[in-house]
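K.L.:
The lines below spell out each chain.
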Amino acid sequence: MLYFFIKRLLQMIPVAIGVTIAVFLILHLIPGDPARIMAGEAANPEQLEQMRINLGLHLPLHEQFLNYFGNLLQGDMGTSIRTGRPVVLEIFENRFLITLQLAIAGTSLSILLGLIVGILSAATKTRYSFVEKLLMLVSLVGLSMPNFWLGILLIQLFSVRLDWLPIIGWGTWQQMIMPMLTLGVTGMAAIARMTSNSLTEVLAQDYIRTAYAKGVKSSVIIFRHALKNGLIPVVTIVGLQFGSLLGGAIITESIFAINGLGRLVVDAIRAQDFPLLQGAVLVYALVFVVVNFLVDISYRLINKRMELN
Amino acid sequence: MKKRSMWLALLAVAFLLFLTACGTDEDGSSLGEVVDPTEADNGDEVSPAMTGGEIVYVVASDVVTLDPIRSNDSASTDAQSQMLDGLTRFDPVTAELLPRLATSFEQIEPTVWEFSLRQGIYFTDGAYFDADVVALNLNRLLDPEEASPALFIVEMITEVEVVDTYTVHIHTEFPFAPLPGHLAHRSGFMVSPNAIAATEVGEDVEPVGTGPFILSDREYGNFLLMERNDAYWGSQLAIPDYVRFIVVPEPATRFAMVQTGEAHYLVGQPTDFAVASDIDSIDVDLLQTTTLDYIGFNTAEGPLANVLVRQAITHAIDRNAIVEGLAEGVGLVATGPLAPLVDMSPTVEGLDFDLELARALLEESGYTDIELNFWYNEGNNFRGLVGVFVQASLAEIGITVNVASLEWGAYLEATAAGEHDMFMLGWVTTTGDPDYGLFPILHSDQVGDPGNRFFFENDEVDALLARGRQSSDRAYRMAVYQEVAELLVYEAPMVPLRFQQAVLLSNGVDGILTDFANTPFFYRATLRPTVD
Numbered sequence: 021m022l023y024f025f026i027k028r029l030l031q032m033i034p035v036a037i038g039v040t041i042a043v044f045l046i047l048h049l050i051p052g053d054p055a056r057i058m059a060g061e062a063a064n065p066e067q068l069e070q071m072r073i074n075l076g077l078h079l080p081l082h083e084q085f086l087n088y089f090g091n092l093l094q095g096d097m098g099t100s101i102r103t104g105r106p107v108v109l110e111i112f113e114n115r116f117l118i119t120l121q122l123a124i125a126g127t128s129l130s131i132l133l134g135l136i137v138g139i140l141s142a143a144t145k146t147r148y149s150f151v152e153k154l155l156m157l158v159s160l161v162g163l164s165m166p167n168f169w170l171g172i173l174l175i176q177l178f179s180v181r182l183d184w185l186p187i188i189g190w191g192t193w194q195q196m197i198m199p200m201l202t203l204g205v206t207g208m209a210a211i212a213r214m215t216s217n218s219l220t221e222v223l224a225q226d227y228i229r230t231a232y233a234k235g236v237k238s239s240v241i242i243f244r245h246a247l248k249n250g251l252i253p254v255v256t257i258v259g260l261q262f263g264s265l266l267g268g269a270i271i272t273e274s275i276f277a278i279n280g281l282g283r284l285v286v287d288a289i290r291a292q293d294f295p296l297l298q299g300a301v302l303v304y305a306l307v308f309v310v311v312n313f314l315v316d317i318s319y320r321l322i323n324k325r326m327e328l329n
Numbered sequence: 045m046k047k048r049s050m051w052l053a054l055l056a057v058a059f060l061l062f063l064t065a066c067g068t069d070e071d072g073s074s075l076g077e078v079v080d081p082t083e084a085d086n087g088d089e090v091s092p093a094m095t096g097g098e099i100v101y102v103v104a105s106d107v108v109t110l111d112p113i114r115s116n117d118s119a120s121t122d123a124q125s126q127m128l129d130g131l132t133r134f135d136p137v138t139a140e141l142l143p144r145l146a147t148s149f150e151q152i153e154p155t156v157w158e159f160s161l162r163q164g165i166y167f168t169d170g171a172y173f174d175a176d177v178v179a180l181n182l183n184r185l186l187d188p189e190e191a192s193p194a195l196f197i198v199e200m201i202t203e204v205e206v207v208d209t210y211t212v213h214i215h216t217e218f219p220f221a222p223l224p225g226h227l228a229h230r231s232g233f234m235v236s237p238n239a240i241a242a243t244e245v246g247e248d249v250e251p252v253g254t255g256p257f258i259l260s261d262r263e264y265g266n267f268l269l270m271e272r273n274d275a276y277w278g279s280q281l282a283i284p285d286y287v288r289f290i291v292v293p294e295p296a297t298r299f300a301m302v303q304t305g306e307a308h309y310l311v312g313q314p315t316d317f318a319v320a321s322d323i324d325s326i327d328v329d330l331l332q333t334t335t336l337d338y339i340g341f342n343t344a345e346g347p348l349a350n351v352l353v354r355q356a357i358t359h360a361i362d363r364n365a366i367v368e369g370l371a372e373g374v375g376l377v378a379t380g381p382l383a384p385l386v387d388m389s390p391t392v393e394g395l396d397f398d399l400e401l402a403r404a405l406l407e408e409s410g411y412t413d414i415e416l417n418f419w420y421n422e423g424n425n426f427r428g429l430v431g432v433f434v435q436a437s438l439a440e441i442g443i444t445v446n447v448a449s450l451e452w453g454a455y456l457e458a459t460a461a462g463e464h465d466m467f468m469l470g471w472v473t474t475t476g477d478p479d480y481g482l483f484p485i486l487h488s489d490q491v492g493d494p495g496n497r498f499f500f501e502n503d504e505v506d507a508l509l510a511r512g513r514q515s516s517d518r519a520y521r522m523a524v525y526q527e528v529a530e531l532l533v534y535e536a537p538m539v540p541l542r543f544q545q546a547v548l549l550s551n552g553v554d555g556i557l558t559d560f561a562n563t564p565f566f567y568r569a570t571l572r573p574t575v576d
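The listed protein sequences derive, respectively, from chains A and B.
FYI, the numbering for the first sequence is 21 to 329, going by our numbering.
FYI, the numbering for the second sequence is 45 to 576, going by our numbering.
The hints are simulated quantities; they were obtained by calculation from the structure and are not laboratory data.
Each hint should be verified, as a subset may be incorrect.
So the derived label-pair ranges between C-beta atoms look like this [as the list claims (entries may be wrong)]:
#1 A:R105 x B:P295: 52 to 62 Å
#2 B:D489 x A:I50: 24 to 34 Å
#3 B:A318 x A:R105: 53 to 63 Å
#4 B:E368 x A:L81: 47 to 57 Å
Just so you know, these numbers come straight off a predicted model, no measurement behind them.
Think of the CB as a built atom: it goes at the ideal place given N, C-alpha and C, for glycine as much as any other residue.
Extracted from the complex, chain B is given alone in its bound form (with noise of 0.2 Å):
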């Protein structure tokens, strides 16, 4: 008896130990909850019913940073492009680049852009803005002790010279007509001078910016949440008193999520696509982006340096199949390396599929028994499913190929050192400039390390791209890049396969803006009101 009453005690014990250690710790969000109306300054009203509560966004991971200079992955940029402002913006609606912070641009030398700032901003630490905030921003970004990932994108910039409170010419090494298309990039958002004041090189700085909404909470690796910045410059307010980031590793809890409308927002997979477009609860939406999927070849040595081997093995991979098969018809057939909705994108017809052509060109190489190693990063299922497809398609003209995964820090470290055959990467032309869709990743100066992994050097490629980063005449720069397409659907380092489209899931939710790099702005979504 006394043995088992020791027993029920434990368990319970036990249980009251855990129910009391648990607590409850929920917040006091007001999902839905109808607050006052926000009537924007320029006179537009809205509705009453539609206007606060907060809007969940659900994400597969978590926001790594809030610092603009040294984020990498999709989470940080999305969280911070709700709060922070840069000089310029690319409309999410039209695609349109616009000035945001700036109130002009202009290219006034071939080396000097001069921006004229918007007067009377202020960041919600109560910082002004000014030409010196801009300076100190800019300088930061270029500091190589800070080591950004985005060095890259401005690393043209020689010098950013404050003219008067509101000017700022910057100086760049040579012409280069997309920088304002790069000062849209999240690592050209402005942050506080106060906030930068009191960071250490190196550290990240506090996202002080004077975006829509202000950082209110944040539980690392769970949630980041939101709330309306009151004092915000622009011609309307955001609607939503709140935005929160929820952070859920599982894809298939992710999307019960939106179905049950525990979260109003997710960028889904292309398998949900066709799923979701059965369940009433959830809209679905297809949205072009930038972003190229591509297989690329290592054209330094052995058989992939001669331009007919390349080529057969882009005749002999069907583009249609993969798109169609392996990624559920979630997005456009790529012929060449720029989405139609990059600026200027040049129209090239791409290397058919075509066995028999393919067979002949590798015939006319001299190359036989041909085996070559496939790597992709660990974990991404598509591009494995894309080598094992390569695999099958190369062995029909004889082509061996070893399909094999690495980790994503190995895989990127072995890809730059060039230790590989083919490789499937994805690349997302972020400022819409042909430039930044081809220099970083196709210039001989980019081999290796800063980008180039086809380890291509093509000296007329080369000419063109510097001509092309450095006329601000937009139908010469059309004509470069038409040119450059053909050149690369030619000498083959890459077998574009596909544009991506993003697959958007909401419910419950209208108004959430998404630009082309597929980075969502919620400061003008509205809940629907719930029926019970």
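Isolated chain A, as found in the complex (with noise of 0.2 Å):
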């Protein structure tokens, strides 16, 4: 176990380094000039080349990569062009955390509710279609809908219509239920339908048969001894819901005015901030690849037969 985890630690950094590089060139070779945006419409050559020049990028491609990389090493992923303060604070003083909460918040209400719409639609399915049926139209409708027009339609709900809800911000219990759904939703969608294909199939295998004929009571064989197999490939699905939700965070984040990272990655894309975009990019990969070695390190924990490599 202690050889995995350490394998894996190790794959991650050519994974960062590699996005690193990708992310550099990007947002370096695509047209637009940030000190141009900075300087304004009506700035005359002379106050270019010195906006250029007060932003370090007069210097060529690769020396600019080399100071970025080599300060990274050192913990520094520069100065945010737009605000003027170290890119470090701006990720981690606030917006980090409030990110992970929402992903996290996301995550386990589209886990709960998914296990719950995917358990009772496989549940149902043989005596109750109907049910069923309506439990996956559900789930289909969460799936095809974007979340940025469900976010809207549940302010027009909760806080204009009802004045139950207040519109923005996190923080309060209040503040984090129009998001958490927004973000929820999708994600439930997935997994609920993950579920139920994945429990059907267990349910119609013979051990299951044989624990009907028995007469042990449809409880026990779903929970106790179909969902242990059932719930494997739902665990990839949720690894993988946990990185779209940090993507649709950026959404999000945006309707309900959430100052977390997907906030900062669409400001400092629209200011062409590159710093503060090389950083907040590279700390999603790293998410990701976080997330993934978590997905690993669960399905062992279901199930010990798996290898895990």
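Assembly of the complex is requested from the two constituent chains, each provided in isolation within its own frame, with the hints serving as guidance.
P.N.:
Pasting the structure below:
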């Protein structure tokens, strides 16, 4: 197990380096000049050049990259062009934690609802097929609905019509409900469908039929015997969902004005704030790597017969 | 059983971790709270029920910088305008240019302006305001190493001479009549000398000013909070305790916030006007601004170098349809380059929508099979719609138009390099003076990068613009700008489309003043008592 941990941790290094190079190159090769944006439409060439010097953009690309990478190894992700503050502070002071909370909240909600809907759907498939069809229809709607649209609908319902919930912010439980729902519903739908399919497959197997024949209660069969086998593919989906929820957080944070990492990325893109964008994308990539690692570990925890490699 | 427990435990731990980490970080802001009455020093007493509280202004993007010489966006200007004062200011109600930290200004020689300064003014950090501070601030703005995007507004200044403690002489390279108006621009705001001393060249200065509000708290990308300056020098203290700028990128969310009263004030989009007019809780106001939306031609080469082609295109575009259809009726149809609110604004007829005349002019020009590109900046839906409209309109006279959007930085770069045929931009005459409305974008000295993206070079226009900015004779200047405007209609380097109207949406608040550059001032704002 320890060997596996170390091996996987070491594997993260080339991934992180690769991502850093890719992000740096992509951002510097796309058209557009941050100095131009900051200097404004009426800037003359001298002002523009001075702005480039102030931002360090006058150096050759490879020098800019080596400077960046060297600093990165010392924990310095550079300084935000827009705010003039260290990128590390911009990302980790508040925002990273907020996005992590949002993604965990969304994932938890989607797991909870997804499992309930998925299990109910599989359990009612034979005897109450209309319930199963209804539940799958609900999950299909959830899967199809873009989360920016769902977010706006929730605002219209809970804030404008009913006046129950505040529209923006993050911190109180009232502020968390709509973002959690916006983020969690899409994930819920995917988990529900996967749980239902996987569980239906397991429920059709011989050992389950034997259990029924022995007169074991349905609930015991589903929760004790079927679910542990049915959950294995669901774990993969949950891992992938967590990644896509981090991406979904960009939209959710914009809709509900949550000051997380997702919004930071949007702001950085708009302002062509290269250091900030590089830092944020790097952090995103590392989170993905860590989540994949955790998914692998959870396979092992659920079913010890599985090989870690 | 073990596995099930483990999963439940995992879920529970995830939830617990999340809830624990969240905590509550709400501060105790006093929205709607009734505070002690603020008695103005001129004897006017403000009703206790209407004072205090926190005004929430919801904005689309964050304040980029609070350094007046470095900002280039409206949110930054809006925030700075609550905390800082300049030597002069345009009255938000009458649009009249008034002295502010100056008591008077006068052109004592053709190239020298004398500013007499107000006495007894302190910055919020206790520093004293005098002529040295004026020189320090203006020289900082003029310093090329600071690379201020607003340098072009004051680049005619050659020297800031401190005559005595309360008198400054500002020398200009050439006689420059609109200087007091230019100093009303936010780049001319005065910042405490202590704050400047604590700042390196190229860095942002802290917004320590003399205005009715003081910076209280800020979370980048999220909010900016200002509190009342209880030592404000003006005749009346600000009424609200706090003004909070909240950044909300999503337009539908901003609108919903004003609808529910979670925010008090919003500058909406044209499409919001009709919707908001039907909602009882929202007060809607249309504010005339000095912003011109225009389609520009690259007059340097090709068919667009021919004045007849430019006139033909102008005649082929129905500006009424653009304002009524694409801008939802929000805005005035523009006939010339200067909005009616601009001082000494000329009146011109413009080139009417007339397809027959357009075809005739095109034939007369001798050009056939013309193909042009029309560029606009990505994300600006209105400009994109105008592009498609122009494409369809010009197809009527046999001109092919290829519409494309470019990312903002790339767009500015390409249009400054003259790679375009047609483009769309807006221009705000922030100083209210016709010189600012015309010179930076149409004089031949400004071709390319500095702002003349039409690559328009016309000796007659150049000479008139030079005369207009150098004279202090109002009647003469009016005549000059009338002549320039008529000449520009004939030369048609641009199709002026509309003068923007800002859609101002508010809920539960009165007394917000907004000037013609669409900058709100909150010092007179009062919250209406909430009825439960």
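K.L.:
That 47 to 57 Å hint for E368 (chain B) and L81 (chain A) (C-beta), does it hold up?
P.N.:
holds (49 Å)
K.L.:
Using the beta carbons of A318 (chain B) and R105 (chain A), state whether their distance is inside 53 to 63 Å or not.
P.N.:
41 Å Cβ-Cβ, so the 53 to 63 Å window is violated.
K.L.:
Given the hint of 24 to 34 Å, is the C-beta distance from D489 (chain B) to I50 (chain A) inside that range or not?
P.N.:
At roughly 32 Å between Cβ atoms, I50 (chain A) and D489 (chain B) fall inside 24 to 34 Å, so the hint holds.
K.L.:
Verify the CB-CB distance for R105 (chain A) and P295 (chain B) against the hinted window 52 to 62 Å.
P.N.:
violated (28 Å)
Violated hints for the displayed structure, listed by number in ascending order: 1 and 3.
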